[in-house]
Amino acid sequence: MKIVKKGQAGTMQSSDLMVTVEPADELVIDIQSTVKKQFEHLIRAKLEEVLARCGVTAGKIGISDRGALDYAIEARLEAALQRAGGE
Amino acid sequence: MAELKLRRSLLYVPGNMPSMLQNIPLFNCDAIQIDLEDAVPYSEKDAARILVRRFLEGYKDRNKEILVRINGLDTKWALDDLKTVLPALPDGIRLPKADSPEVVERLDTLLTEYEEELGLPIGHFRILPSIETAEGVINAVQTARSSPRLIGLAFGAEDYTATMEIERTKSGEELFNARMNVLWGAKAAGIQAIDSIFADVNDMEALRKETELIKRLGFTGKCMVNPRQIDIIHDVFAPKQAEVDYALEVMDAIKRAREMGTGVISLKGKMIDRPVVVRAARVLNTARAHGMVDVVINEEDIYGAE
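These protein sequences, in sequence, are chains Z and G. For the first sequence, the working numbering assigns the number 17 to the initial residue and increments by one for each residue that follows. For the second sequence, the working numbering assigns the number 35 to the initial residue and increments by one for each residue that follows.
Think of the hints as simulated: they come from the structure by calculation, not from any bench. It should be emphasised that the depicted structure is a prediction, and the values quoted were computed from it without experimental measurement. Think of the CB as a built atom: it goes at the ideal place given N, C-alpha and C, for glycine as much as any other residue. Please note that a few of the clues may not be correct.
[Claimed, not checked] Restraint ranges, calculated between C-beta atoms of paired labels, are given here:
1) Z/Val20 <-> G/Glu147: 46 to 54 Å
2) Z/Met17 <-> G/Asn260: 37 to 45 Å
3) Z/Thr50 <-> G/Leu60: 15 to 23 Å
4) G/Gly153 <-> Z/Met17: 26 to 34 Å
5) G/Glu147 <-> Z/Thr73: 56 to 64 Å
[Said to hold, decoys possible] To give a feel for the contact side, a few chain Z residues facing chain G, derived at Cβ under 10 Å:
6) Lys22
7) Ser31
8) Asp46
9) Thr50
10) Gln54
11) His57
12) Ala61
13) Tyr87
14) Arg92
15) Gly101
Whole structure, please, built from the sequences with the hints as guidance.
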């Protein structure tokens, strides 16, 4: 899918995250997290897995994470992508 | 007699809050109702149903019954709720605004279509309709017989009092007739009757009183908004040891009566006949579901052999 406009999903509550996706020429992922030091690689892997499954090859993906588990990362990214005009 | 499935405590969990969703495996209630309706603002309906889907897909070792409260079938969200959530296999759907049998029948048809699509046996998804308007109360008796998927009727006092344009009180006199109609509908159809939430999570004494009242009326479970309410509800619904002991004595007495060729006998000065035995059997069935006894009561124990 193609990101055609800005899309945002999630909240800043604990165990949740806020995901923002915007159109861009290449794929850029920016991760802010309360547990960045320990888990950045796992969060990035999860984001990349969902992006690949949705066929997203370009876009600016920003997340602000409050200790979300995998299912929430997946769901919030999917919701943001859906709002960004894809799927 | 079929095994009784305990549904004493049904906890609402907001569908758009990961911090609550991921605690679901830890709550010691009998059932969870993940809410996509009132607890989710209009702007978050799309995100909430995706979150619930992904949560349920990861929650593989289910240790309680999982219902999802979708948005009403008269809203633009209901079909997307079903389409997104059903593949993650909840046990059933809590249907808001079940004002008539036709509303439940419509959901029944939709669930059948999804079961065919997902390759599930027809009837896999159960339905718990909410009786929560004046019209719903009037039609409760017919609604209770509207689908074999029904596990019970659930009374929703908050919406009911809103449609009646009255205040809900802690003593609940204003709810009496509505509760009775829901109960008659459910009992006549042989399904469970589940009472409304009690909103004041700081007043445990009033919660206990209300739960004792609705148990006396015939309800077998109660909805909740806060896990702190679980223990009181379980405590009220648990059969008391004295009740269980007495029920065992009743079963024993009627057995002796039948050996003597009669259907009536005196136990400690009280007459024991069929209705008393039916009630005793219900106590023992409930006690068995609580793990208090392991006797299995069959039809012959209650009614005698032909």
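- Is the hint on Z/His57 kept, meaning its closest Cβ partner in chain G is under 10 Å away? 20 Å, violated
- Message: Would the hint on Z/Ala61 be counted as holding, given a Cβ-Cβ threshold of 10 Å to chain G?
- Response: At 16 Å from the nearest chain G Cβ, Z/Ala61 fails the 10 Å test, so the hint is violated.
- Against chain G, is Z/Thr50 within 10 Å by beta-carbon distance? Check failed: Cβ of Z/Thr50 comes no nearer than 13 Å to chain G, outside 10 Å.
- Taking 37 to 45 Å as the hint, is the beta-carbon distance of Z/Met17 and G/Asn260 inside that range? 40 Å, holds
- Query: Would the hint on Z/Tyr87 stand, with a C-beta cut-off of 10 Å toward chain G?
  - Reply: Interface hint status for Z/Tyr87: holds (4 Å vs cutoff 10 Å).
- Pairwise beta carbon distance, G/Gly153 to Z/Met17, judged against the given window 26 to 34 Å: Since the Cβ atoms of G/Gly153 and Z/Met17 sit about 27 Å apart, the hinted range of 26 to 34 Å holds.
- Task: May I ask you to test the hint 56 to 64 Å on the CB atoms belonging to G/Glu147 and Z/Thr73?
- Result: 35 Å, violated
- Message: Let's test the interface hint: is any C-beta of chain G closer than 10 Å to that of Z/Gln54?
- Response: At about 18 Å, which exceeds the 10 Å cut-off, the nearest Cβ of chain G leaves the hint on Z/Gln54 violated.
- Message: Is 46 to 54 Å respected by the C-beta to C-beta distance linking Z/Val20 and G/Glu147?
- Response: 32 Å, violated
- Going by Cβ atoms only, is Z/Ser31 closer than 10 Å to chain G? 4 Å, holds
- Task: For the hint on Z/Arg92, just tell me whether its beta-carbon gets within less than 10 Å of chain G.
- Result: 7 Å, holds
- Task: Go through the hint on Z/Asp46 and say holds or violated, using the shortest Cβ distance to chain G against 10 Å.
- Result: 20 Å, violated
In summary, the structure is inconsistent with hints 1, 5, 6, 8, 9, 10, 11, 12, 15 from the numbered list given earlier, while agreeing with the others.
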